[in-house]
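Okay, here's what each chain looks like letter by letter:
There are 2 protein chains.
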Amino acid sequence: MKDNGLGADVVSEGELRKCLMAGFSPSDIVFAGVGKKEEEIEFAIKKNIFCFNVENEEELSIIEKFGRKYRKKINVNLRLNLNIDVDTHHYIKTAKSENKFGIDIEDAEKILNMKFDFVNIKGFHFHLGSQIKEVTPYLKGIEIVKNFCEKNNFSPEIIDIGGGFGIPYTYEDKIMLIEEFGEKITDAIKDFKINLLIIEPGRFIVGNSGVLISKVLYVKKKKTKNFIIVDAGMNDLIRPSLYGSYHLIYPAYLKNEKKLKFDIVGPICETGDYLGKDREFPSNIKRGDYIVVMSAGAYGFSMSSNYNTRLRPPEVLIDKNKIKLIRKREKYSTLFNLEKI
Amino acid sequence: MKDNGLGADVVSEGELRKCLMAGFSPSDIVFAGVGKKEEEIEFAIKKNIFCFNVENEEELSIIEKFGRKYRKKINVNLRLNLNIDVDTHHYIKTAKSENKFGIDIEDAEKILNMKFDFVNIKGFHFHLGSQIKEVTPYLKGIEIVKNFCEKNNFSPEIIDIGGGFGIPYTYEDKIMLIEEFGEKITDAIKDFKINLLIIEPGRFIVGNSGVLISKVLYVKKKKTKNFIIVDAGMNDLIRPSLYGSYHLIYPAYLKNEKKLKFDIVGPICETGDYLGKDREFPSNIKRGDYIVVMSAGAYGFSMSSNYNTRLRPPEVLIDKNKIKLIRKREKYSTLFNLEKI
Chain L
44 MKDNGLGADV VSEGELRKCL MAGFSPSDIV FAGVGKKEEE IEFAIKKNIF
94 CFNVENEEEL SIIEKFGRKY RKKINVNLRL NLNIDVDTHH YIKTAKSENK
144 FGIDIEDAEK ILNMKFDFVN IKGFHFHLGS QIKEVTPYLK GIEIVKNFCE
194 KNNFSPEIID IGGGFGIPYT YEDKIMLIEE FGEKITDAIK DFKINLLIIE
244 PGRFIVGNSG VLISKVLYVK KKKTKNFIIV DAGMNDLIRP SLYGSYHLIY
294 PAYLKNEKKL KFDIVGPICE TGDYLGKDRE FPSNIKRGDY IVVMSAGAYG
344 FSMSSNYNTR LRPPEVLIDK NKIKLIRKRE KYSTLFNLEK I
Chain U
44 MKDNGLGADV VSEGELRKCL MAGFSPSDIV FAGVGKKEEE IEFAIKKNIF
94 CFNVENEEEL SIIEKFGRKY RKKINVNLRL NLNIDVDTHH YIKTAKSENK
144 FGIDIEDAEK ILNMKFDFVN IKGFHFHLGS QIKEVTPYLK GIEIVKNFCE
194 KNNFSPEIID IGGGFGIPYT YEDKIMLIEE FGEKITDAIK DFKINLLIIE
244 PGRFIVGNSG VLISKVLYVK KKKTKNFIIV DAGMNDLIRP SLYGSYHLIY
294 PAYLKNEKKL KFDIVGPICE TGDYLGKDRE FPSNIKRGDY IVVMSAGAYG
344 FSMSSNYNTR LRPPEVLIDK NKIKLIRKRE KYSTLFNLEK I
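Protein chains in written order, with the working numbering: chain L, 44 to 384; chain U, 44 to 384.
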């Protein structure tokens, strides 16, 4: 991503450290997030990141404080809560007024009239949610920001349009074309005299590039239902349990066999531990076979846990014809390392 | 727990290792779980654990294989799926026939008639679900097992009654008295000529003994809603997001102030990241104050993740008047330790 000219949007000191380790320039990093800690803000200022997307007035006063301490003008965008509803899971809608995110328009007006010595308000950020599949909500957002700027006679240098683009999880998923998105957004922002447009494509880049591979432990055929019990569980991929998400799942080796419906479940002691329900699979699938859970590149490993005292799997990157281990398999020694009995 | 004579019910090699590290005798350990790996079964047999709660026929053949390899008779209980519905969250019901768990009664009959050289079927296990608040479903379970034993002329040596006892999460929660449970169960099993009754109280022991303490980062009062943004999130305690669970939440220092309703939310970039909704809190709660999330002792830290590249908090044990750090706070170095760029 870095080699292709992208910057990074981080929401914690951990993510910021990761980006710096990966070689991103601090001047290509934006710090967003509704709950930035003082020490995180100070760390980011010391590292000279490009700007903060600010979520409330208190945060501005903390940034002002550290700007004064380090004698630096700090760039910020105000994250506006535009009260826009979008068609996505209610857990990942972020722009309704009753959500925790952003500054309501009236409060933003107040902030624009405040005086800061070390805070430089460059423009605005809005974020509508994740897994958004069409351009219309973004256009609506730009329109609201435009009216807001006109009303307040404020000319932003930066507009940061947030909200991860949707990716297809099924063959039926209709997703906007990225070219269409580009054209329509370019057209919509042409009245702004901005220097910089930031776009946050979210899971669009990594979501479909990752898969979770798991081994079949048991096949259980019952009167009421059939189960394929695999060695990956909700601790490895929590999306199905947490959001009711659908992931396509295939046998690693396709066979032209008679199909049967199975629930594909993990080894964890909860009925909520499943990867897919009522999936057609070859009826002769057996212990030792492998299954592939598609589109596990986003919100997969990053949300994984050690629930049931399970070790997390390794992460492997396939880069053209090179296969690289990018995260080692966990060991019990590292798992218990921080514990004291 | 060990010092008070309890044994341990484990569902993974990790949990088994943890119990051995804590000093439990292998002869006090039962291995349950719907997806035991071959290497886990072999490890447990080498460690001479007391018995396995077996979930299907394939698992029996693996146990037989390792029994033969190590020339040992291995104790097992058959985990029966009794098709009993209980009044708990659908994710933690475990005894309906359409759940992945256990052996259906008809299949268990078949297994009782099979011949094993290294498997010793000692009795039966059933597990009804977690957070069960009354004794009736257990009595129903015992009744079904009794009929099953009579019909098959099988006299079990062990009955293992699973299903975590419910704990109160609110003041209104009506929970059975443990004494009443004891009396009724003792009465119900008196017709069995068993040597050993195993009871799995689940979260009953630890659930209410743990709290999650978190610091207030921001207080956000909006037209539509008020928010207390704290530094603990769904990565630290996922129960509210995952199960819609209710946890009581208090300010660490009680103040007799005018109350206001707040959503108590974490710093993670999801609307699903909340700890409590519409909670009455002192209206003057402010940055730097602490909040206490009650009943976080079970399914709290054990389900925690590093989502948003966040470090997990330390765990502290208060043992009468001694305060002991039992798990150190995570560091970025340990978090990135297994990664390679």
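FYI, nobody ran anything at the bench for these hints, they're computed from the structure.
One or more of the hints may lead you astray.
Copies of the same chain look alike in the list, so a pair counts if it works inside one copy or between any two.
Said to hold, decoys possible - Distance condition first, Cα-Cα at most 20 Å in a straight line; then the derived EDC-like pairs of lysine to aspartate or glutamate:
| no. | residue 1 | residue 2 |
| --- | --- | --- |
| 1 | Lys89 | Glu107 |
| 2 | Lys365 | Asp332 |
| 3 | Lys139 | Glu382 |
| 4 | Lys383 | Asp46 |
| 5 | Lys61 | Asp71 |
| 6 | Lys367 | Glu382 |
| 7 | Lys265 | Glu100 |
Structure-based check of all given hints:
Proximity of Lys89 and Glu107 under a CA criterion of 20 Å is satisfied intra-copy only: 13 Å inside one chain copy versus 62 Å between copies. For a Cα distance limit of 20 Å, the shortest separation of Lys365 from Asp332 qualifies neither inside one copy, at 24 Å, nor across copies, at 51 Å. For a Cα distance limit of 20 Å, the shortest separation of Lys139 from Glu382 qualifies neither inside one copy, at 41 Å, nor across copies, at 37 Å. In this homomeric assembly, Lys383 and Asp46 come within 20 Å of each other (Cα to Cα) only across copies, at 17 Å, whereas the closest approach inside a single copy is 43 Å.
Taking CA atoms no more than 20 Å apart as the test, Lys61 paired with Asp71 passes inside one copy only; the shortest distance there is 13 Å, against 44 Å between copies. For the identical chains of this complex, Lys367 and Glu382 are inter-copy neighbours only, at 11 Å across copies versus 31 Å inside a copy, given an alpha-carbon limit of 20 Å. Proximity of Lys265 to Glu100 under the C-alpha cut-off of 20 Å is restricted to the inter-copy arrangement: shortest distance 12 Å between copies versus 58 Å within a copy.
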